[in-house]
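> Protein chains in written order, with the working numbering: chain D, 1 to 512; chain Y, 513 to 867.
For the record, the hints were derived by calculation from the structure and aren't laboratory data.
Heads up, the beta-carbon is just placed ideally off N, CA and C, and yes, glycines get one too.
One or more of the hints may lead you astray.
[Unchecked claim] Calculated Cβ distances over 12 Å to all of chain Y for the following chain D residues: (1) Glu-64; (2) Leu-112; (3) Val-115; (4) Glu-126; (5) Leu-140; (6) Ser-159; (7) Pro-255; (8) Gly-299; (9) Met-355; (10) Leu-369; (11) Ala-444.
[Stated by the list, open to error] Using 20 Å as the maximum straight-line C-alpha spacing, the simulated EDC-like pairs for lysine to aspartate or glutamate come out as follows: (12) D:Lys-397 x D:Glu-469; (13) D:Lys-228 x D:Asp-261; (14) D:Lys-228 x D:Asp-211; (15) Y:Lys-750 x D:Asp-348; (16) Y:Lys-750 x D:Glu-347; (17) Y:Lys-698 x Y:Asp-631.
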Amino acid sequence: MTERPLVRMTGIGKRFGGVQACRDIDLTIAAGEVHALLGENGAGKSTLINILSGVITDYDGTIEVDGRPVSFGGPVDAQRAGIATIHQELDLVAGLSIAENMFLGREPRTRLGGVDIRRMRRQAAEHLRTLGADLDPRRLVGSLRVGEQQLVEIGRALSLDARVLIMDEPTAALADAEVERLFATITELRRAGVGIVYISHRMAEIEVVADRVTVLRNGGLAGTVDPKTASRDEIIQLMVGRSVDALFGEGRNEPGEVLLDVRGLAVLPRRPMPGRTEPAGVDLTVRTGEIVGLAGLMGAGRTELLETLFGAGGAGRRTGQVTIDGRPYHPRGPRAALARGVAFVPEDRRGAGLMLEHSVAENVVLSALSTLTTLGVVRRQAVRRTVAEQLTTLAVKAASPAVAAATLSGGNQQKVVFAKQLLTRPRLLLLDEPTRGVDIGAKAEIYRLLHRLADTGMAILLASSELPELLSLCDRVVVLHRGRTVATLPRASATQQAILAAANGDDAKETR
Amino acid sequence: MNPPNPAAVEEAPAETPPPRRPSLRLPRDRHALVDNFFRFQSLFGLVAVFLIAIAVSPVRNGENIFLSSGNLANIVRAVSEIGIIAVGMTFVILIGGIDLSVGAVLGLAAVGSATLMVDSGMGILPTVLIVLLIGTAFGATQGAIVARIGIQSFIVTLAGLQAARGIARMWSGGLGIPIAYGDGPKEAPEAFSLLSGSINGVLPVPAVLFIAIGVGALLVLRSTAFARHVYAIGGNEKAARLSGVPVRRVRITVFAISGLLAALAGIIHAGQLNQGSPNDGSGYELDAIAAVVIGGTSLAGGSGSMGGTIAGALLLGILNNILALNNIDANVQLVVKGLVIVAAAALQKLRPRIS
Chain D
1 MTERPLVRMT GIGKRFGGVQ ACRDIDLTIA AGEVHALLGE NGAGKSTLIN
51 ILSGVITDYD GTIEVDGRPV SFGGPVDAQR AGIATIHQEL DLVAGLSIAE
101 NMFLGREPRT RLGGVDIRRM RRQAAEHLRT LGADLDPRRL VGSLRVGEQQ
151 LVEIGRALSL DARVLIMDEP TAALADAEVE RLFATITELR RAGVGIVYIS
201 HRMAEIEVVA DRVTVLRNGG LAGTVDPKTA SRDEIIQLMV GRSVDALFGE
251 GRNEPGEVLL DVRGLAVLPR RPMPGRTEPA GVDLTVRTGE IVGLAGLMGA
301 GRTELLETLF GAGGAGRRTG QVTIDGRPYH PRGPRAALAR GVAFVPEDRR
351 GAGLMLEHSV AENVVLSALS TLTTLGVVRR QAVRRTVAEQ LTTLAVKAAS
401 PAVAAATLSG GNQQKVVFAK QLLTRPRLLL LDEPTRGVDI GAKAEIYRLL
451 HRLADTGMAI LLASSELPEL LSLCDRVVVL HRGRTVATLP RASATQQAIL
501 AAANGDDAKE TR
Chain Y
513 MNPPNPAAVE EAPAETPPPR RPSLRLPRDR HALVDNFFRF QSLFGLVAVF
563 LIAIAVSPVR NGENIFLSSG NLANIVRAVS EIGIIAVGMT FVILIGGIDL
613 SVGAVLGLAA VGSATLMVDS GMGILPTVLI VLLIGTAFGA TQGAIVARIG
663 IQSFIVTLAG LQAARGIARM WSGGLGIPIA YGDGPKEAPE AFSLLSGSIN
713 GVLPVPAVLF IAIGVGALLV LRSTAFARHV YAIGGNEKAA RLSGVPVRRV
763 RITVFAISGL LAALAGIIHA GQLNQGSPND GSGYELDAIA AVVIGGTSLA
813 GGSGSMGGTI AGALLLGILN NILALNNIDA NVQLVVKGLV IVAAAALQKL
863 RPRIS
């Protein structure tokens, strides 16, 4: 650490109405350091970041940049002071090229006042080279993968001479190979003296990349530790305020009969979409009471498989055999799937799982309305009772069932989606990244819930990019590569290495 | 479970009182006060315009002309056609769509009513049934195109508007068809003229129909599974589909309802004017949309209420009436109407957003 930090935040506090979002937080960021910010959802990370990046302008406490006190009137002021933010949802225009995106709003001009396209491309190419990215600056951002888009964002920050870079869950949407490249980029930036604030829920990453870890809890500072010396348990304990020993449950029941059987499932899409990998030869079985994991790299076709099984995939010709209880199963749509006892919790809960502006209660009962109506009229009493029951069972933290779903934290939103799907009394539950963007406490609760459901005889098929999650949760892991089943690994022989090797298509062996 | 944005009028129907009944009594804190104001915005607007109208109304022989029962009945009669169309439009807008064809369907229905009775010598019941069927089928077809092919409803119903006008002109030969009453050939049954009459000489028949349909739709929107599906599709179509909502069926039904109600308004139109002209109902779609917007329903879909729409339609009617009573130029009336629409939409923007 250098003698004087780039940024020093002292006694930061912020109150929203009756909620104290931040209270008396001190944070320093030194040049060339990666400072990880940890905390459960609602711990105050976003508020703190919004204050530092100039989004929130009225707060208690002081911010110094290079030892001089500053007060930002808006995000532009913060950028001018060298503080750039890379949001989880990237701020790029899909229809413009990489170069145009990097210089959006401050395009270099020719003498006649037109845009100097050549200079813009040249400078963009330079920044991309610094990041070790082999990309043509003329390419449209919409044609890039998420990891590449992120590099464009970082390139834009560099072109702004950013000295502090705030990265909000930068790996949330990245495949493993892209994560490695991002880490290489971070190492480069660190060497160049950029201070990085790194927010993530993934402990493994933080151990690799962070120099210091600051943990927030309930809006206050829980502690700052060195990840090289502090154990993972210590850090988790700081976040949750109690020790989490039973994070991953153990002791599974014997699975029952085969519920879902998929043989050679393939879909020939009517209109092939770029970026979608339709099933191209999937074999798997799920028994009652069993949790089966779906592993694979980004683009291996996990989501597409789950969508196909739920009748929500794109239109196309389907081949292969799918049976539930031995009877053929080819749902024409989600309604038909639900009628056969299949439920689906999609990956994108804000975009595909919830009506954010509608109340929690309305969201919870949506799928099961037909069981709560008489002659088409909703029975209010029954709805109220059912909603209360579900919210209690799943321990959803909401001020009341009448508040909008958007007001809930990520973990609680996810529980609402679960509640909605579970109300349909499914026998097979399809889950796509059920713990993405969910804090560690809620994660543990979701794991416990899945075990409980499996114990009642529900069959669960779960896609996840987090290998530790798959390994600890699942009875078997099915690995997909380019839409095909390349391995089925029972719990005993499933290791991170084995899954990764299969997922990369190195070794297409069938272990059963 | 309450719809996201129930207006106070929705609380009127007698029912076992729900425990969390929105209350107009003094709210506990400022947030609730603000919230209630925006929830019942169109009702507040209606009351405000009503009071202003009383204040600025001309007085003759000590009687407030605006408040006379004849005038009040006339207001409701005048808004009844637009109001009935707006009820259907509310469903369409709630799923995030728009129906521009309603004015043209009204014209088609008016022409149909006149032609079937006068030229084809049909009775009232078959005429009404056929015309309503035409309107419903027209709406359902548009809904099917929107739902199946996935073209935006703006475009589909813009095409539908042209088509309905064209059909109406071909059917009528381009001219208005007058309706004469009597038992002879080329005469319509006398009873059809009841549509321009009043019950007990006080309540205009079209007004009664409007109120009945409005209250009926309000109850449907408040408490049926169908309504929950409508709100769900407007709120997040993808999530609705994945939740097992029959999105296509609901879509088609909603456009069919809009077509049905536009046709009903067309029958009333023919009965009130004793003729059916292919140009009837021009621009009515915009007045209906205005009533829905003033009623606080979001054009993005997913939130809004039928009570708001009814209040919005009445508000527009009172506005037109009081301006006319004061002999204010019709062109000025248009400008005032525009300002009211913008003001209503601006108020919606000011509404505190959920974080």
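> Is D:Lys-397 within 20 Å of D:Glu-469, Cα to Cα?
24 Å, violated
> Within 20 Å, alpha carbon to alpha carbon, are Y:Lys-698 and Y:Asp-631?
6 Å, holds
> Can we trust that D:Pro-255 is non-interface, i.e. its beta-carbon lies farther than 12 Å from all of chain Y?
27 Å, holds
> Using Cβ atoms and 12 Å as the threshold, tell me whether D:Gly-299 really stays out of contact range of chain Y.
21 Å, holds
> Could you check that no beta carbon of chain Y comes within 12 Å of the beta carbon of D:Ala-444?
26 Å, holds
> Report holds if the minimum CB distance from D:Leu-140 to chain Y is greater than 12 Å, and violated otherwise.
24 Å, holds
> Are all C-beta atoms of chain Y more than 12 Å from that of D:Leu-112?
Its Cβ never comes within 12 Å of chain Y, the nearest being 40 Å, so this holds.
> Is the claim that D:Ser-159 lies outside the interface with chain Y correct, judged by CB distances over 12 Å?
33 Å, holds
> Quickly compare the C-alpha distance for Y:Lys-750 and D:Glu-347 to 20 Å and report which way the hint goes.
Holds - the C-alpha atoms of D:Glu-347 and Y:Lys-750 are around 12 Å apart, at most 20 Å.
> Regarding the pair D:Lys-228 and D:Asp-211, is the alpha-carbon distance no greater than 20 Å?
8 Å, holds
> Are the Cα atoms of Y:Lys-750 and D:Asp-348 separated by 20 Å or less?
Holds, at about 11 Å.
> Is the Cβ of D:Glu-126 farther than 12 Å from every Cβ of chain Y?
Non-interface label on D:Glu-126 holds, nearest chain Y Cβ at 41 Å vs cutoff 12 Å.
Hint compliance for this structure: hints 9, 10, 12 and 13 are not met, and every other hint is.
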